[in-house]
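S.K.: Be aware that the sequence shown starts at 1, since it is given in full-length UniProt numbering, and climbs by one per residue.
A hint or two may mislead.
[Stated by the list, open to error] Have a look at the derived ranges for each label pair, beta carbon to beta carbon:
#  : residue 1 : residue 2 : range
1  : Ala144    : Gly55     : 33 to 43 angstroms
2  : Ser149    : Asp54     : 27 to 37 angstroms
3  : Ala42     : Thr97     : 17 to 27 angstroms
4  : Ser74     : Val142    : 13 to 23 angstroms
5  : Asp54     : Ser74     : 38 to 48 angstroms
6  : Pro138    : Thr88     : 33 to 43 angstroms
7  : Asp2      : Glu147    : 30 to 40 angstroms
8  : Gly139    : Gly76     : 15 to 25 angstroms
9  : Val45     : Thr88     : 24 to 34 angstroms
10 : Arg104    : Tyr52     : 15 to 25 angstroms
11 : Glu147    : Pro31     : 15 to 25 angstroms
These are calculated hints, taken from the structure and not from any lab test.
Idealized CB from N, CA, C, for every residue including glycine.
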Amino acid sequence: MDIRTVPFDHPDAVKLIDAIQQEYVTRYGDPDVTPVDPAEFAPPVGLFLVGYVDGVPAVCGGWRAHDVAEPPLSSGDAELKRLYVVPTLRGRGLARTMLAELERSAAEAGRTRMVLETGTKQPEAISLYRSSGYEDMPGFGVYAGDELSLCLAKPL
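Using the sequences plus the hints, can you model the full thing?
M.R.: Take a look at the structure:
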């Protein structure tokens, strides 16, 4: 996999983000409504990556900094967003590779902890995160109190 840094609104990123939003509609009935500004994923306050397999965009993910954070978030956190693998390439370790690169880049940028929200109807995502060292944390932002959300964190 060839992993490239791209803007959040790059056409390849948009294509994959649209696909993950459709996956949310299929699983939950609605897209993710988390407020997202593409500028949040621009270095040095964030990063967005697309992984290409045989030249085709197949995997994406990004992180955004939380320096002015309300508990349970902390200054220095990076929030993982939009980790996604196209269905035809799942089960090949691409998400794990992308997650490791996102963690590495966030740590290199001075982030001290990666936080994320995933849905309870995404058992494959929960399994990936737990097997990668993520542990439960209180819900944050729009996910606080949402019974379909699971918030996780990992020190970097």
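S.K.: Does the Cβ distance between Arg104 and Tyr52 fall inside 15 to 25 angstroms?
M.R.: About 18 angstroms separates the Cβ atoms of Arg104 and Tyr52, which means 15 to 25 angstroms holds.
S.K.: Is the hinted range of 33 to 43 angstroms satisfied by the C-beta distance from Pro138 to Thr88?
M.R.: Once the Cβ atoms are compared, 36 angstroms apart, the range 33 to 43 angstroms for Thr88 and Pro138 holds.
S.K.: Quick check: does the Cβ-Cβ distance between Ser74 and Val142 fall within 13 to 23 angstroms?
M.R.: Roughly 18 angstroms apart at Cβ, these two residues keep to the hinted range, so it holds.
S.K.: Look at the Cβ atoms of Val45 and Thr88 and judge whether their distance stays inside 24 to 34 angstroms.
M.R.: Once the Cβ atoms are compared, 33 angstroms apart, the range 24 to 34 angstroms for Thr88 and Val45 holds.
S.K.: For the hint 17 to 27 angstroms, verify it against the beta carbon of Ala42 and that of Thr97.
M.R.: holds, 23 angstroms
S.K.: So the hint says 15 to 25 angstroms: do the beta-carbon atoms of Glu147 and Pro31 match that?
M.R.: For Glu147 and Pro31 the Cβ distance comes to about 18 angstroms; the hint holds.
S.K.: Does the Cβ distance between Gly139 and Gly76 fall inside 15 to 25 angstroms?
M.R.: Roughly 19 angstroms apart at Cβ, these two residues keep to the hinted range, so it holds.
S.K.: Just tell me: holds or violated, for the beta carbon distance of Ser149 and Asp54 against 27 to 37 angstroms?
M.R.: The hint (27 to 37 angstroms, Cβ to Cβ) holds, given that Ser149 and Asp54 are roughly 35 angstroms apart.
S.K.: Is it true that Asp54 and Ser74 lie within 38 to 48 angstroms of each other by Cβ?
M.R.: holds, 40 angstroms
S.K.: Lying within 30 to 40 angstroms: is that true of the beta-carbon distance Asp2 to Glu147?
M.R.: This hint holds: roughly 39 angstroms between Cβ atoms.
S.K.: Return holds or violated for the Cβ distance of Ala144 and Gly55 against the range 33 to 43 angstroms.
M.R.: holds, 41 angstroms
The structure shown violates none of the earlier numbered hints.
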